[in-house]
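All chains should be modelled from the sequences, with the hints used to inform the complete structure.
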Amino acid sequence: MRKIGVVLPDQVFERVEERASRMQIDVSSYLATAISELVLKSNGHEGQTEERTRFGTGTLREMPRIGVAQVGAQGRTFDIESAFRRFPKRSTSFAQRFVDEAAKIANVGFRRNRRGIAFEPNFAWIEYLLSRGGKGGIKVSLYGRPEVFHGAPACLKTGRGTSYSRALIETEEDLEKMLPMLRQAYELRFGPNSK
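As numbered in our numbering, the sequence shown has no gaps in its residue numbers, which increase by one up to the final residue, 195.
Among these hints, one or two may not hold up.
DSS-like, lysine-lysine: derived pairs with alpha carbons at most 25 Å apart [said to hold, decoys possible]: (1) Lys157 / Lys177; (2) Lys157 / Lys135; (3) Lys135 / Lys177; (4) Lys104 / Lys139; (5) Lys104 / Lys89; (6) Lys139 / Lys157; (7) Lys177 / Lys89; (8) Lys139 / Lys89; (9) Lys177 / Lys139; (10) Lys104 / Lys177; (11) Lys135 / Lys89.
Worth flagging that the hints you see were computed from the coordinates, not collected in a lab.
Put into structure tokens, the structure is as follows:
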């Protein structure tokens with residue numbers, strides 16, 4: 001694969017940016033996929049574009065917002081493995097468990113956001129699934145400073161700004177300790193809520 005620079009008129013860039021946003025992929029991945037599909041189709045390679053143009057962020061199709069009202073495969077709220085096909089198994093497994101735990105809180109929705117998962121309303125998110133370096137894991141952010149969480153694990157550190165904490169979760173033990181922090185983050189942000 002080769003890197004190239006592309007100059008686009010502002011009007012074209014705005015349309016590309018809008019389409020990439022709807023598909024929840026970055027602009028460069030959208031352009032790479034669109035150009036590849038265009039070239040392969042014009043050379044009589046229809047039907048081969050799916051495999052040849054997948055760049056870890058998906059193919060050119062919209063990624064719908066999936067929440068507790070729209071349950072996906074295997075009774076899950078958001079099928080992480082399908083959304084993040086080329087990521088390590090540990091990363092997708094940890095992300096799935098984190099999302100499934102958050103889904104136990106009423107009215108929480110999810111959507112893919114580049115290499116991570118946004119939660120709606122915004123009380124937590126998976127910043128990214130680890131994709132390099134071997135064993136895998138996830139990096140998450142939660143509303144609330146580390147010192148306000150009851151039973152906070154050592155992996156929970158000060159995050160962005162003054163209102164968030166962040167954790168790099170690379171072990172099963174850290175994941176188990178972080179799951180109860182989701183409800184605490186929700187309640188810190190919005191008050192008590194039960195499903």
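So, going through the hints one by one against the coordinates:
1. Lys157 / Lys177: Distance of about 14 Å is within 25 Å: holds.
2. Lys157 / Lys135: Judged against 25 Å, a Cα distance of about 21 Å means the pair holds.
3. Lys135 / Lys177: Roughly 19 Å separates the two Cα atoms, so the pair holds.
4. Lys104 / Lys139: Measuring from Cα to Cα gives roughly 20 Å; hence the hint holds.
5. Lys104 / Lys89: 23 Å, holds
6. Lys139 / Lys157: With a Cα-Cα distance of about 11 Å, the restraint between Lys139 and Lys157 holds, given a limit of 25 Å.
7. Lys177 / Lys89: Measuring from Cα to Cα gives roughly 20 Å; hence the hint holds.
8. Lys139 / Lys89: 15 Å, holds
9. Lys177 / Lys139: 14 Å, holds
10. Lys104 / Lys177: 16 Å, holds
11. Lys135 / Lys89: 9 Å, holds
Every hint from the earlier list agrees with this structure, and none is contradicted.
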